[in-house]
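Just so we're aligned, residue 208 is where the first sequence starts under the working numbering, counting upward by one.
Treat the hints as calculated values from the structure; they're not laboratory data. Just so you know, even glycine gets a beta-carbon here, dropped at the ideal spot from N, CA and C. Among these hints, one or two may not hold up.
Here are the simulated DSS-like pairs of lysine-lysine, each with C-alpha atoms no more than 30 Å apart in a straight line [said to hold, decoys possible]:
#1 Lys576 to Lys613
#2 Lys240 to Lys214
#3 Lys613 to Lys678
#4 Lys255 to Lys214
#5 Lys508 to Lys498
#6 Lys240 to Lys678
Have a look at the derived ranges for each label pair, beta carbon to beta carbon [stated by the list, open to error]:
#7 Arg528 to Gly588: 36 to 44 Å
#8 Ala468 to Pro323: 25 to 33 Å
#9 His617 to Glu704: 53 to 61 Å
#10 Arg238 to Gly321: 32 to 40 Å
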Amino acid sequence: MAREEIKAELARVAVSLGAPAGVVVELETPREKSHGDVATNLALVLAKTLGAKPREVAGRIVAALSFPPGIVASVEIAGPGFINFRLATDQLTGILHTIIAAGPGYGRAPATGGAPVNVEFVSANPTGPLHVGHGRQAALGDAIASLLEWTGRKVTREFYYNDAGAQIMKLAASVQARVAQLRGREAELPEGGYHGEYIRELAERYAEAHPADRDAADLEQVRRFAVEALRQEQDRDLQAFGVRFDVYFLESSLYADGRVAETVGRWAAAGHTYERDGALWLRTTDFGDDKDRVIRRSPEKGGEYTYFVPDVAYHVGKWRRGFTRAINVQGSDHHSTVTRVRIGLQALDLGIPPGYPEYVLHQMVTVMKGGEEVRISKRAGSYVTVQDLVEEVGRDAVRYFFLMRKADSHLQFDIDLALKRSEENPVFYVQMAHARMSGVFRVGSVDASAVTAEGVDIAVLTDPSEAELLKVLARFPESVERAAEALDPQRITNYLEELARAAHLWYHRCRVLGESPPVERARLAVARATQIVLANALTLLGLSAPERM
RNA sequence: GCGCCAGUAGCUCAGCUGGAUAGAGCGUCAGCCUCCGGAGCUGAAGGCCACAGGUUCGACUCCUGUCUGGCGCACCA
208 MAREEIKAEL ARVAVSLGAP AGVVVELETP REKSHGDVAT NLALVLAKTL GAKPREVAGR
268 IVAALSFPPG IVASVEIAGP GFINFRLATD QLTGILHTII AAGPGYGRAP ATGGAPVNVE
328 FVSANPTGPL HVGHGRQAAL GDAIASLLEW TGRKVTREFY YNDAGAQIMK LAASVQARVA
388 QLRGREAELP EGGYHGEYIR ELAERYAEAH PADRDAADLE QVRRFAVEAL RQEQDRDLQA
448 FGVRFDVYFL ESSLYADGRV AETVGRWAAA GHTYERDGAL WLRTTDFGDD KDRVIRRSPE
508 KGGEYTYFVP DVAYHVGKWR RGFTRAINVQ GSDHHSTVTR VRIGLQALDL GIPPGYPEYV
568 LHQMVTVMKG GEEVRISKRA GSYVTVQDLV EEVGRDAVRY FFLMRKADSH LQFDIDLALK
628 RSEENPVFYV QMAHARMSGV FRVGSVDASA VTAEGVDIAV LTDPSEAELL KVLARFPESV
688 ERAAEALDPQ RITNYLEELA RAAHLWYHRC RVLGESPPVE RARLAVARAT QIVLANALTL
748 LGLSAPERM
């Protein structure tokens, strides 16, 4: 691609002019069209080290540049010292060839062969239906995993959950109380218990499945039953959402195979623990925490390990399984765990890097309908579930809406907008662009997969919207790369909207079918390339690319 | 009180890791149009980038402080 060649040539010239070897050349796409197709700030960056004015440096660089024919049409120096390149028209033909030849692989980098990356997300405990926050995580985590795959990494999607612990016991006790109420006895939900309608459902099902245990006296059996049922329900919801996991990791296994004890033992051996008030503490302040943390409660409080110990043990396990990168997608309400887990790992002295694991924290989701906030669902009671949203607006809209804002931003989920079948709705707008391209082939009875760029003369494409569209198409691989680097799928939804805009504009201005043969052939190739890139971007985000709407 | 995140057009949000005259959609206003799907197209108005300093050739972007909002600061998870 032209960009790569320009980058390489700039690097070569920079070094020949005295820049340090390995200088990083940044290319950007100017938003102002009169500034050309590609621009670099290289001269401004080098001005200081070369001890010359930016425009003078730019002059030297331009004078030394040398490209084979067919790549760059013109080079100019502008503003404070930018170097602007205009690409040769041959490059546009090249774009069509590249895209159509690569097809579903366009934008996908070859496997790097590096160590696998672990992406952990959702990780909901089986205490109730998945809520909208889990939905945002599911969409984000799955898309981030895909982005990493598209940039050549091997990825494991992982779901971690606690199947024991205090919360689960409250769940079991809540179900037990509801069973008792079914039998017409007075029974109160435990303090901090679960109130949702689904608890009543579980109680009914338990009573039916275990007629012998009339009073649900066997709490362990109730626990197993409830956990099993809720896990199944979560799986079903995730499946309906189109998210699949490679590994489901049980917190209880960390106790069973001794890893929790091992972790505590290592801390103690390294001299980072001490006893106080009957509890065992980890001196996390030695690693920058603002206070030390309890790792084993005092006997009066039950003498159990606090949750953060298995959390650390779990991440040691990720490291040992060969994941040199681990990315955790969580709600920002869990941000206090970030430093603690990292510190816990540091205190083990296992050579794990300080920034391990990486976190993508997302802000809260507010569901809006009819201009008002929706807070509750029938089944869960106190919160809106993923299932509610998927049933109401469909899986594609839910996924798209969860991805179209950066994770850092609070997200307003507008149900009315998600339901609109018009261009105001970004999902509709983007998918419609794909349907339109498909429509051209359908109406023209053309086999889209047989369209090639062979023999296409790009010179017949005279409308400005055509070159514009091709340039947007050419940027897709770079967009994927940047989004992956930033762990930010929102950049892809942005790209999609930009591409859809260019595609709609082109479609509106340029007829394909029934034009003169050279024009029709060229435009079929444009439509095909556009269809491919739209489909690839949609697929990458876990969205469907409909042929018609 | 401390920590994390956010604050950009009336609304919802971008802004490519410090670049050129801050963009898009919706809404508003003014036009065009009936074609491979009009669920369209063109144009206009609309901004103290929360505020105040600083860093440098250059700041919406980085640093410091202030204000506002969200989240978190357990021997809960």
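Going through the hints against the structure:
1. Lys576 to Lys613: holds, 22 Å
2. Lys240 to Lys214: holds, 20 Å
3. Lys613 to Lys678: Holds, because 25 Å separates the two Cα atoms, which is no more than 30 Å.
4. Lys255 to Lys214: Roughly 20 Å between the alpha carbons, so the hint for lysine 255 and lysine 214 holds.
5. Lys508 to Lys498: Since the Cα atoms of lysine 508 and lysine 498 sit roughly 20 Å apart, the hinted pair holds (cutoff 30 Å).
6. Lys240 to Lys678: This hinted pair holds, its Cα atoms lying about 12 Å apart.
7. Arg528 to Gly588: 36 to 44 Å: Once the Cβ atoms are compared, 38 Å apart, the range 36 to 44 Å for glycine 588 and arginine 528 holds.
8. Ala468 to Pro323: 25 to 33 Å: holds, 28 Å
9. His617 to Glu704: 53 to 61 Å: Since histidine 617 and glutamate 704 have Cβ atoms about 20 Å apart, the given range 53 to 61 Å is violated.
10. Arg238 to Gly321: 32 to 40 Å: Hint holds: Cβ distance 34 Å, inside 32 to 40 Å.
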